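> Sequence:
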Amino acid sequence: MKALKIILTLVPFVWTILMIPFVNTVKPIVLGLPFLAFWLVAGIFVAFVCLSIIYKIDARNSKG
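For the sequence shown, our numbering begins at 1358 and goes up steadily by one.
Some hints could be false.
Said to hold, decoys possible - Here are the simulated distance ranges between beta carbons:
1) 1370 x 1392: 14 to 22 Å
2) 1416 x 1388: 36 to 44 Å
3) 1385 x 1416: 14 to 22 Å
4) 1386 x 1362: 35 to 43 Å
As the list claims (entries may be wrong) - Computed cross-link-like contacts, DSSO-like style, restricted to lysine-lysine with a CA-CA straight-line distance of at most 30 Å:
5) 1420 x 1359
6) 1362 x 1413
7) 1420 x 1362
8) 1359 x 1413
Treat the hints as calculated values from the structure; they're not laboratory data.
Since the structure is predicted, the reported quantities are computational estimates derived from the model, not experimental observations.
Just so you know, even glycine gets a beta-carbon here, dropped at the ideal spot from N, CA and C.
Required output: the full structure, derived from the provided sequences and hints.
Below you can see the structure in the form of structure tokens.
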């Protein structure tokens, strides 16, 4: 469980910081945004999902 928490914590960091050199392009346009802007906006949703999963699997949040 601890390894899963660490991986889920690192995913948003890798998504937003380490992948920038690979996705730093203007073309293609996705949903009216340059690809880099779309990538960063999508990263917000990825971070939300990862943090939500961490919250659900954290033993301190269980009732009882």
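> Each hint: holds or not?
Quick rundown of the hints versus the structure:
no.	hint	verdict
1	1370 x 1392: 14 to 22 Å	20 Å, holds
2	1416 x 1388: 36 to 44 Å	38 Å, holds
3	1385 x 1416: 14 to 22 Å	43 Å, violated
4	1386 x 1362: 35 to 43 Å	36 Å, holds
5	1420 x 1359	20 Å, holds
6	1362 x 1413	11 Å, holds
7	1420 x 1362	20 Å, holds
8	1359 x 1413	13 Å, holds
Consistency with the previously given hints fails for number 3 only.
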